[in-house]
Each structure stands twice: as C-alpha cells, then as structure tokens.
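Residue numbers (this note's numbering), protein chains in the order written: chain A, 17 to 467; chain B, 17 to 467; chain C, 17 to 467.
It cannot be assumed that every hint is accurate.
Heads up, the list lumps identical chains together, so a pair's fine if it works in one copy or across two of them.
To be verified - Subject to a maximum C-alpha distance of 30 Å in a straight line, what follows is the list of computed DSBU-like cross-link-like pairs (lysine-lysine):
id, residue 1, residue 2
1, 458, 76
2, 32, 195
3, 61, 32
4, 87, 21
5, 458, 61
6, 458, 195
7, 149, 458
8, 458, 89
9, 162, 28
10, 21, 89
11, 174, 32
12, 162, 458
13, 89, 162
14, 195, 149
15, 149, 305
None of these hints come from the bench; they were simulated from the model.
This one's a predicted model, so the numbers in the text were calculated from it and none came from an experiment.
Each chain, letter by letter, is given below.
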Amino acid sequence: MAEEKEEFSIRKDEEKNLNLLLRQLFPITRSLMGEGNRQTLDIIKDFLPLEIVEYPSGTKVFDWVIPDEWKIKDAFIANQEGHRIVDFRANNLHVVGYSAPIDATLSFDELRPHLNVLPDMENGIPYRTSYYKRDWGFCVTPAQYKTLSEIDDVFTVKIDSSFNPNGSMTVAEIFVPGKSREEYFVSTYFCHPSMANDNLSGLLLTAFLARDMLRHRQPEKSWRFIFVPETIGALAYLRHNQDVMEHTVGGLVATTCGGPGPLGYKETFLGDHHIDRAIDLAFRDRGIKPIRYRFVPDGSDERQYSSPGFRFPVASITKDKYYEYPEYHTSLDNLDFVNGAQITESLEIYRDVVGILDSNILPISVVQHGEPQLGRRGLYPSTGGAINQPSAKVPVEDEAPDIDAMSWVCFMADGSHDLISIAERSELHFSRILNATRLLDKAGVVQVGED
Amino acid sequence: MAEEKEEFSIRKDEEKNLNLLLRQLFPITRSLMGEGNRQTLDIIKDFLPLEIVEYPSGTKVFDWVIPDEWKIKDAFIANQEGHRIVDFRANNLHVVGYSAPIDATLSFDELRPHLNVLPDMENGIPYRTSYYKRDWGFCVTPAQYKTLSEIDDVFTVKIDSSFNPNGSMTVAEIFVPGKSREEYFVSTYFCHPSMANDNLSGLLLTAFLARDMLRHRQPEKSWRFIFVPETIGALAYLRHNQDVMEHTVGGLVATTCGGPGPLGYKETFLGDHHIDRAIDLAFRDRGIKPIRYRFVPDGSDERQYSSPGFRFPVASITKDKYYEYPEYHTSLDNLDFVNGAQITESLEIYRDVVGILDSNILPISVVQHGEPQLGRRGLYPSTGGAINQPSAKVPVEDEAPDIDAMSWVCFMADGSHDLISIAERSELHFSRILNATRLLDKAGVVQVGED
Amino acid sequence: MAEEKEEFSIRKDEEKNLNLLLRQLFPITRSLMGEGNRQTLDIIKDFLPLEIVEYPSGTKVFDWVIPDEWKIKDAFIANQEGHRIVDFRANNLHVVGYSAPIDATLSFDELRPHLNVLPDMENGIPYRTSYYKRDWGFCVTPAQYKTLSEIDDVFTVKIDSSFNPNGSMTVAEIFVPGKSREEYFVSTYFCHPSMANDNLSGLLLTAFLARDMLRHRQPEKSWRFIFVPETIGALAYLRHNQDVMEHTVGGLVATTCGGPGPLGYKETFLGDHHIDRAIDLAFRDRGIKPIRYRFVPDGSDERQYSSPGFRFPVASITKDKYYEYPEYHTSLDNLDFVNGAQITESLEIYRDVVGILDSNILPISVVQHGEPQLGRRGLYPSTGGAINQPSAKVPVEDEAPDIDAMSWVCFMADGSHDLISIAERSELHFSRILNATRLLDKAGVVQVGED
C-alpha cells in the first residue's frame with residue numbers, strides 16, 4: 017500500500033510538472049529555426065542536460081539545404097483607423113511561418129490570396145508555413161475573415177520579419193551509452209509554435225523519457241534522444257550522425273501523445289519489427305487495445321529515418337494522432353485540449369516499450385539437453401503430481417518461483433529467441449519473463465547472449 | 017466528354033467486330049489437326065500477322081507423339097428409308113472427334129456403345145473426342161437417342177473420315193520483342209469445333225490482345241501470343257521453343273471468357289505469384305470481385321506450361337469458366353450463349369493485366385537518404401501545414417501532383433519493390449502509381465532499374 | 017461385407033485384450049524405479065519382445081542423477097485401537113511416491129503437514145511423489161482427512177519403505193529398422209501407480225503400435241518405441257541413445273489416450289511440422305475435429321525430447337488429455353474411467369498417423385516436361401471431353417483409375433513435395449494419394465526419391 021501511494025504521488029508530481037512546463041512553453045514562437053527554438057530548449061535544459069548543436073544556414077543535407085534563419089517581431093492587419101483586426105501578438109499562428117516582410121496598404125482583393133482560413137473551424141486559426149518559397153501570409157478565424165471581407169476599404173498590412181543567411185538551425189540530443197552497442201532512439205520535433213498536442217506533448221514526453229534513462233544506473237542498450245525541427249532537422253541530424261549510428265536498430269518518434277482521445281500507434285514500415293512487437297506487448301500487458309495505424313509514408317520524421325538509405329524501423333505511440341483530431345494544426349490544439357495527466361498516460365506506455373526494448377536479451381540455457389533440474393536449485397516444488405491439476409487448490413506462496421515463466425525461458429533459451437519472442441509465445445507478461453530470466457541467471461541456469 | 021464518347025464508340029466497334037468473327041468462325045470443324053484449324057487461322061490472319069508453323073505427324077513431343085491428321089467429309093446415322101436421324105452436316109459435334117471411318121448396317125444394340133448422350137441436357141449434343149485410341153462414335157441429343165432406340169430396325173451408319181500419317185499439326189504465334197528480355201505469354205487453343213465459349217472466346221480475345229500489342233510502339237517486356245491445339249499443341253510448342261523461352265516469367269491461358277456469367281480467374285499454381293497479384297490489382301482497380309478458382313492440375317494448358325520441367329506460373333481469367341456452366345462441352349455453348357460484348361468485358365481485364373505486367377518496373381530513387389525535396393521541383397505544395405488536415409477544404413487543382421502516390425513511390429524506390437508491390441501496399445490504383453513513377457522519372461528523382 | 021465383419025471382429029478382440037491387460041496392470045505399484053515397473057514390463061513382454069535395459073542408481077544423465085531405487089512393503093495410519101484409517105494395501109496412491117520410512121506415534125497436528133488431500137474431490141485420493149527430496153507423506157480422501165482430524169488422540173504412522181543405492185531404473189524399447197534411415201519414435205511412460213488413463217492407456221497403446229509394426233513386413237522408415245519412467249527415464253534414454261538417434265526426425269508421446277472424452281492433440285513445439293500435419297490429415301480423413309492443444313513447455317516427455325539440445329518435434333494424441341479432466345492424478349482415474357474401446361479409438365488415429373509418416377515418400381515423375389500420357393498406359397479414359405463435365409453422369413467403374421489423385425501426384429512430383437503436401441494441397445484422402453503414387457510407380461511414371 018505504501019508503495020502504491022508513493023507511485024501515485026510520483027505520478028501526480030509528474031503531471032503537475034508537465035502542466036507547469038506546458039504553460040511555460042506554449043506561448044513561445046517556435047519555427048524551423050530561430051530564437052523561439054532556443055528559448056524552448058533552454059527551458060528543457062533546466063531539468064535535462066541537453067547537448068545543443070547549431071547547423072548553419074546554407075548547409076546541404078542530402079537533397080535539402082538548411083534555409084536562412086527567420087526572425088519576426090510583429091505582424092498585423094489593421095483597418096484605416098489603426099485597429100488591428102488580425103494581430104500576431106494575440107496568437108503567433110496568425111502569421112504564416114517564415115513569412116517574408118511586408119508593409120503595404122492593400123484592398124481585400126489584394127489581401128485575399130494571402131489569407132488562410134478553415135471555414136468550418138469556428139474560432140480556429142489554421143497553422144501554415146512557407147519554409148522553402150519566399151512568400152507571406154496570414155491565418156485567420158472564419159469570423160476575422162468575415163470582418164475583413166465586409167470592410168469596404170484598404171488595410172494596413174505589416175509583417176516585421178527578417179531572414180538571416182548567417183543564422184543556424186538548433187538541434188539537441190542526449191546520448192546514453194549502454195552495456196551493449198545495440199542502439200535505439202526516441203526523436204521528437206519542436207518547430208511548431210503555439211500548439212500543444214502537436215507537439216509540446218511529444219517534446220515533453222521525450223525529455224521525461226531521457227531524464228528517466230539518465231537516472232537509470234546504466235541501460236543495457238544505448239539510447240539516443242533527438243530534439244529537432246521536423247523534416248529538415250531530422251535530415252540534418254542524420255546527415256551529421258550517420259557514421260555514429262551504425263549500430264542503431266530503430267526508434268520511436270514522439271508526437272501528438274497528449275490529447276484526450278484514445279491511445280494508438282503508427283506501426284513501423286515493417287509492421288512486424290520487434291519494435292512493433294514490443295509496443296504490442298506493452299499494450300497487451302496493460303490490457304489496452306490501441307488503435308493501430310498502418311504505416312504510410314506521410315506523417316512525421318519516420319519519413320526520414322525510414323527512407324531507403326536508412327530504413328530504421330520507427331513507430332509512434334500517440335494519443336490523438338496527428339491528422340485524426342479536428343483541432344489538428346489549428347489554434348484549438350491548445351492547453352484546453354492537452355494536459356499533463358494525458359501526456360502521463362502515453363509516457364507510461366513509452367516507458368514500458370523502452371523498458372522492453374532495453375531489456376530484450378537473448379537467454380541461453382546452460383542445460384541444453386533436457387530440462388534443468390530446477391528442484392535442486394530450490395526453484396521447483398519438491399512434491400510432484402500437483403502441477404496443473406485442475407482440482408488442486410495449492411496456496412501459492414507470494415515468493416513462489418514462477419514455474420510457468422521459468423519453463424518457457426528454459427525451453428526457448430537456445431540462443432535464438434529473445435525475451436520479446438518468449439513473452440509473445442508464452443502469452444505471459446513481459447515482466448514475468450524478465451524476472452524469471454533474472455532468477456535463472458542468478459541460479460546459473462541461463463546465461464545472457466551477446467546479440 | 018468527347019474522349020468518353022470516342023472510347024465508347026471504339027468499344028462498340030470492337031464488340032461488332034467480335035460478333036462478326038464469332039459468326040465466321042463458329043461453323044468450322046476444328047479438331048486436334050486438320051483443314052478446319054487452318055481455315056480458322058486464315059480468318060485471324062486477316063487482321064493479325066500470325067506466324068504459322070506445322071509440326072509433322074509422328075513427331076515426338078516429350079511423353080507424347082503427334083498423331084495422324086484427321087479428315088472428315090460426312091457422317092450420319094440413317095434409317096432404312098435413308099432418312100438421316102443424326103447428321104454431321106447439321107452439327108459437327110455429332111461425330112466423336114478423330115472418329116475412324118465406318119460404313120455399316122447396325123442394330124441399335126450394336127450402335128449403342130458408340131453413342132454419347134447427356135440424358136439431362138435437352139437439345140444438347142455432347143462434345144467427345146478419341147484422339148489417341150482409334151475408335152468411332154456419335155454424339156446425340158436425348159431426343160435423337162430416344163428416336164434411335166425406338167426404331168426396331170437396323171441403321172445405316174457411316175463416317176467418311178480418313179487419317180493422314182503425313183499430315184501435320186498447325187500452330188501459330190506472334191512474338192513482340194520488348195525493351196527488356198523479361199517475357200510473358202498469352203496462350204489459347206483452337207481445337208474445339210462448333211463451341212463458342214470453349215473456345216472461340218479465348219481465341220478471339222488472344223488475337224485482339226496481340227493486335228493491341230503490335231499497335232503499341234514497343235512494350236517494356238517481350239510478349240508471346242500462342243495459338244495451339246490444347247494439350248498436344250502446347251506440348252509441341254514448348255518442345256520447339258523451350259530454348260528461346262529461357263527468359264519467360266509466366267503467362268495467361270485465355271479460355272472460356274465470353275459467357276454471360278460472372279468474371280473469375282483460376283490462380284497460378286503458386287497462388288501468390290505477381291501474375292496473380294497483377295490480376296488482383298486489375299480487378300481491385302475496377303471494383304470487381306472475381307470468383308477465385310483455386311489451382312488444380314486439371315483444366316487447360318497450364319497443365320503443360322506449369323508442369324515440373326517448366327513451372328511457368330499461368331492463370332486464366334474467365335467469364336463462365338469451363339466445368340462451371342451447364343452448357344460446357346455441348347452444342348448449347350453457342351452464339352446464343354456468347355457474344356462480343358461479353359468477350360469485351362473479359363478483354364478489358366486482360367488488357368489491364370497485360371498493362372500491369374508490362375509496365376511493372378522497379379523504380380530506384382536518386383535520393384536514397386531522406387525524402388527528395390519535391391517542392392523545389394514543383395511537385396509539392398509550397399504552403400506547409402495543410403497536408404491531411406481533416407478540416408482543410410483545399411480546392412485540388414486538376415493537374416495537382418499526386419503527392420500520395422509520389423510519396424509511396426519515393427519511399428519504396430529502393431530497388432527491391434516493383435510497381436505491383438507499391439500499388440498493393442499503398443492501396444492506390446496501379447495507374448496512379450505508374451503515373452507518379454513516370455512524373456518522378458521525368459523530374460530526375462527516380463530511375464527505372466533493370467530487373 | 018465379409019471384410020467389414022472381419023475388421024469389426026479384430027477390433028472387438030483388440031478391445032477385449034486391452035481390457036484384460038488393463039485389469040492385470042492396474043493394481044501394480046509402479047514408481048520411478050522398482051519391482052512394480054519390472055512386473056509391468058514382464059506383462060507387456062508376453063506379447064511384445066521388449067529389449068529391457070537397467071540404468072544404475074547414481075548415473076548422471078545431463079543435469080540430473082538417477083536416484084536410489086525405492087521399495088515399499090506396507091504403509092498405514094492407524095488409530096490407537098490398531099484400526100488402519102489409511103491403508104497402502106487398499107490403494108497404493110495413499111503413500112507419496114518415494115516416501116522415506118517412518119514408524120512413529122504422531123498427533124494430528126504433527127501428521128497434518130504430511131497429508132495431501134483434494135478437498136473438492138469426493139472419494140478421490142490425490143497422486144503425489146517426492147522423488148528428489150527425502151520426505152514422507154500420505155494421500156487421503158476428504159472423508160479420511162475428516163476422520164483423522166476428528167480423532168483427539170495420537171496415531172500410529174508407519175511407512176515400511178527402503179532405498180537401494182545399488183538399484184537401477186528399468187527402461188524398455190523396440191527398434192524396428194526400416195528401408196530408410198529416417199527415424200521416428202513413439203514414447204510412453206509407465207511410472208505411475210494405479211491410474212488408468214495416466215498412463216496405462218499410453219503404455220498399452222504404444223505396445224500395440226509396436227506389435228503392429230513388428231508384424232508389418234518392413235516399414236519404410238525406422239521406428240523406435242520407447243518405454244520409460246517420465247522425465248528422468250526419457251532423459252536417461254536420450255543420454256544413452258543420442259548417438260544412434262542422429263537420423264531421428266521426431267515422434268509422438270503416448271499419454272492419457274483412453275478416457276471417455278473427446279479426441280485431441282497437443283501440437284509439436286513447431287506447430288506446423290509434418291508430424292502435426294500428418295495428425296491433421298489423419299483426423300481430417302476420418303472426419304474428426306480434434307481439440308488442438310497449443311504447445312506449452314509443461315506436459316510430458318516432449319519437455320525432454322524437444323529441449324534445445326534435441327529439438328525433436330513431438331506431439332501427443334489424447335483422449336481426455338492430462339490436466340483437462342477432473343479425475344486427473346487421482347484414484348478416480350481408474351477402470352471405470354478407461355476401457356479398451358476408448359483406447360482403440362485413439363489407437364486408430366495413432367495407426368493412421370504412423371502410417372502416414374511411414375509412407376510419406378517423395379515421388380519424382382519420370383516425365384518432368386508436360387503431363388505424362390496416362391492414356392497409353394491405360395490410366396486415363398480414351399474418350400475425351402467428359403472430364404468434369406457437370407451434366408455427365410459417367411458410371412464410374414470400381415477399378416477406374418483415380419485421375420484426380422494421379423494428376424495431383426504427377427503435377428507435384430518434382431522431388432520437392434512429399435505425399436503429405438500433396439494430400440494437403442489436393443484435399444484428397446491421404447490413402448488416395450498413396451494409392452495413386454503406387455499405381456504410377458508400378459506404371460513406371462513416378463519414382464520414389466530418397467529423402
């Protein structure tokens with residue numbers, strides 16, 4: 017009971033911390049590159065020793081080039097009385113990301129091609145960018161659009177932005193070396209301005225996972241936590257790290273994992289990789305049936321990580337997955353929609369999955385011919401005849417050895433079955449298989465193979 | 017609209033042509049070998065430059081020997097008043113194919129063992145042959161059988177046939193070389209006398225497919241169109257062409273594809289070969305659910321093409337498949353049962369399948385690491401954020417690049433996935449995948465691999 | 017009819033013999049080792065020339081050591097009037113197997129930790145052993161337990177047993193060499209005292225199968241019939257025979273196959289090995305749908321035979337499988353529960369499976385290119401056109417060649433498909449495929465490959 021209470025209190029603390037961080041991070045104007053991104057990482061650095069790297073504008077990364085750094089001070093559409101009908105200071109989504117500067121007096125007809133609106137999304141400002149084509153634009157609510165269209169006069173249209181060709185793109189990472197060189201990653205992106213599920217949820221979840229891992233004595237596998245702007249950031253990271261990622265098996269992209277909706281996951285491009293299977297086990301063992309999204313080559317940075325040249329299998333565990341909720345890519349993806357408790361639900365699954373992948377060892381039994389005699393090692397009941405006897409109501413001692421789990425581990429411990437396979441085949445909780453393996457290891461019955 | 021009308025008119029012309037040809041070909045007395053077979057090919061030659069070959073009687077083909085050439089002038093069973101009760105001139109099915117000559121006066125009891133009748137098939141004359149055992153016989157309707165049985169007198173029984181040991185078996189082919197040496201075939205048989213679905217339908221369909229291919233500038237793959245008598249003809253063709261068929265992947269046997277019933281297909285012996293998958297795609301993309309017939313080693317010439325020594329995977333797309341319709345192998349398989357419109361329905365599927373197999377290239381992306389930047393090639397919208405946003409009602413321009421299809425092609429273009437695989441996995445129409453590949457090829461983003 | 021009657025009478029004889037043997041064998045006190053085991057084998061030896069081997073106590077077998085031989089003369093719990101409340105002479109299950117000797121006066125509280133009872137199993141004495149930990153105990157019915165607990169006095173508790181460190185473990189076998197070195201085994205265990213389904217049923221079934229095989233002229237494959245005490249006996253057998261078992265493919269463990277319940281089988285650890293498939297065919301061809309038990313690493317001697325160092329696939333066909341019936345491992349698993357007719361039902365399936373495995377040859381057609389011309393070998397009807405014609409009501413002669421079966425064999429006879437595969441794919445009875453293969457072999461069309 018004491019333990020349960022403690023766990024509950026840790027969880028409550030975690031939710032509270034997440035809520036605080038959400039409120040700090042939400043208002044910042046993030047983009048592909050720029051000061052908002054650096055401020056965001058500074059806040060994370062308060063609790064996580066991020067290693068931060070800057071890639072200069074103009075750097076070629078595979079088929080792409082890192083663009084100039086964008087800076088925006090102010091932007092608005094005002095009527096001739098000087099009243100701001102659309103105001104960047106009210107919501108940074110009002111300006112199309114990477115908008116070029118403009119300072120002009122325009123009629124509605126001239127303005128119209130530069131306006132983005134979602135007619136059915138009451139109160140919602142859409143999120144738009146123009147990273148690779150120099151252009152400018154505003155994003156407005158249907159009401160604002162109506163107001164603008166009804167004014168029979170010109171508007172003062174101003175975007176006070178600039179581009180710095182000597183700027184740089186900011187990325188961050190945490191690398192935690194494990195006992196084995198086998199390596200996994202969790203990647204997230206932080207290039208979206210004031211939207212909470214997409215993707216403050218993924219950013220914070222990744223940061224919390226990384227902090228867990230650092231607190232851990234030493235993981236079995238090596239783990240890489242990657243914080244990048246989407247697409248070009250992932251590409252830049254891959255370009256600069258492809259040599260050191262030769263032992264990388266695959267990873268997770270943390271995105272849109274804090275909504276009120278159901279848990280789900282987007283499978284890897286392989287669909288049956290042991291990353292997918294670890295996710296299936298994590299959900300199975302918690303008794304949750306997630307929505308399973310088939311792999312498609314749109315989505316997030318799995319598009320880069322899984323591209324032909326890398327083919328890292330990458331999955332995303334989500335709670336209100338991008339594309340699937342109406343508030344997606346609008347100002348309604350806000351702190352009413354997302355909270356720490358919801359992120360914590362996803363975090364628990366991510367933790368399980370990371371735990372399964374990290375402890376997924378390959379046991380080899382010292383006794384290959386026949387069963388090991390567990391009895392003389394105190395791991396088997398000394399009275400025979402009662403195993404699986406339907407009517408036997410043998411009171412199970414709390415610390416009774418888990419015979420089912422041990423039998424499965426011993427039977428499959430020929431060096432070709434990892435713990436994930438054993439947990440799947442036995443239909444036993446992964447933790448039971450892991451505990452049985454540890455017990456057998458301690459008793460000298462199984463050894464742990466090098467992968 | 018103009019285009020639709022034109023297509024409709026081409027189709028109507030095709031149906032009309034098919035109907036004319038059906039009427040010309042139906043009455044001819046075809047058999048394993050003989051003049052009727054040559055007349056049949058002569059009619060096809062009017063619109064298709066068939067290459068015709070004769071294999072002499074006595075030629076050994078694998079486990080078989082080409083028999084003597086059969087000739088028949090007349091045959092009948094007459095009563096003593098000279099009235100022909102059964103008359104070859106009325107229907108060539110009345111005589112068992114390859115019947116030996118006879119000229120005798122026989123009682124009904126003597127005649128009976130030589131009579132073939134289907135008691136339940138009113139007005140139907142069964143189709144029977146005796147190619148490899150010198151014998152003679154007649155095939156009659158139940159009414160004729162009854163008449164004969166009720167006459168308490170002898171009959172004049174005459175078959176005016178002969179066998180030519182210096183004869184030959186006629187086969188024909190069209191070979192269309194492609195850019196690649198990879199080769200497919202469409203094979204059909206024309207040894208059946210006056211029956212329409214089995215197999216004037218397959219004969220004409222094959223001829224039309226071959227004509228299409230010749231009109232085509234140059235196909236990607238090489239194509240072989242084979243016109244043979246069933247079984248021994250296919251064996252003879254294989255015996256004489258096995259050396260030049262070393263790059264043959266597999267093929268289709270065109271048979272019984274002009275009935276009024278539903279479309280179906282008999283799978284290859286492998287069941288999941290890319291020929292089966294091309295057929296599945298063709299039907300899927302047209303929204304048709306065909307009857308799927310499991311492979312069994314009876315049937316048509318797939319028995320020879322797929323035999324152990326060749327193992328060419330061969331499928332048949334059918335409309336009223338042999339064995340499955342009551343009129344099968346009777347005189348009721350006639351021009352009331354089959355028409356040009358019905359054959360055209362099958363022809364459309366065959367064309368799609370041939371098109372898919374022919375254009376089933378292996379794309380390789382020039383950009384293997386990360387996504388290609390389609391935007392700077394004008395193949396991606398310059399405004400980001402709106403992809404897959406549920407509420408976004410972006411008016412799609414008619415000529416908008418097909419991002420979904422391009423993404424799939426780029427993602428899978430690692431040199432190990434052909435267009436069939438991409439169309440299957442993406443669940444997009446094969447034509448969208450093909451068009452996207454062509455567009456990406458033109459933009460220099462993908463190259464087409466050698467198979 | 018005569019043949020049917022004869023088969024019926026053979027079967028009735030078999031049932032009678034089984035019932036006689038059950039009655040002879042049931043009362044004997046069998047255990048891991050000891051005189052009861054030797055008496056049991058002596059009875060089997062009356063009709064089967066068993067080869068008997070003794071493995072001395074103290075012999076190391078893999079991770080285990082053969083224990084001392086146990087001997088028991090008498091055992092009881094008596095009240096102070098000398099009345100035996102629990103009496104070994106009434107039922108040998110009353111004493112925990114391998115109980116150490118004791119001669120003491122004990123209170124109920126002192127006795128209690130040594131009592132085994134199944135509270136819900138009225139009239140049932142549980143079956144318990146303590147092979148590897150020197151201990152003693154009694155097994156009692158709930159009524160006996162109640163009686164003992166209500167006596168407010170001490171008890172005379174006596175077990176007159178002894179351990180012989182110079183004893184030995186008795187195992188027996190029959191080896192039947194086949195034409196091929198490929199080898200299978202049927203293993204059973206006989207270490208259980210007075211219980212009928214577990215495992216007199218398996219013991220007798222195995223003995224009858226072995227007798228069949230010896231009566232057989234010469235099997236195609238080699239067969240090994242193994243009679244051992246469970247676990248340690250199988251391990252000892254494997255330890256002493258692992259060199260000569262290098263051509264062993266896998267086997268069956270015969271256990272709990274004589275109950276009144278439904279037939280079932282526990283699959284091999286592979287689940288789709290040809291042993292599993294032979295079992296599926298045997299049931300399919302008899303129109304029986306067995307319960308299929310997934311492989312789990314508890315159970316019987318498959319735990320040893322399938323352990324990593326051996327990995328022999330082993331299945332068990334059962335009728336009231338161990339663990340699944342309430343009488344399991346109690347005195348109620350007796351001759352009211354089991355009889356010869358029930359064992360015969362299992363025996364028929366075992367015979368079919370052994371027959372399928374033994375005759376599972378690999379046919380190779382002499383004619384690899386195209387079909388063989390069966391007609392000229394008298395194996396195909398000389399009149400063509402009627403095959404599979406729906407309306408044709410051709411009277412099938414009794415001795416008509418089985419064209420379907422022959423076509424399948426010829427088509428698949430490329431040297432890579434065994435008869436099991438052909439029977440599965442064709443959906444024809446295994447016996448039809450086997451007969452067709454023999455006919456084709458006799459006609460010189462197929463040859464039988466070396467595996």
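ask   = When the hints from earlier in the document are held up against this structure, which numbers fail?
value = 2, 4, 5, 8, 9, 10, 11, 12, 14 and 15
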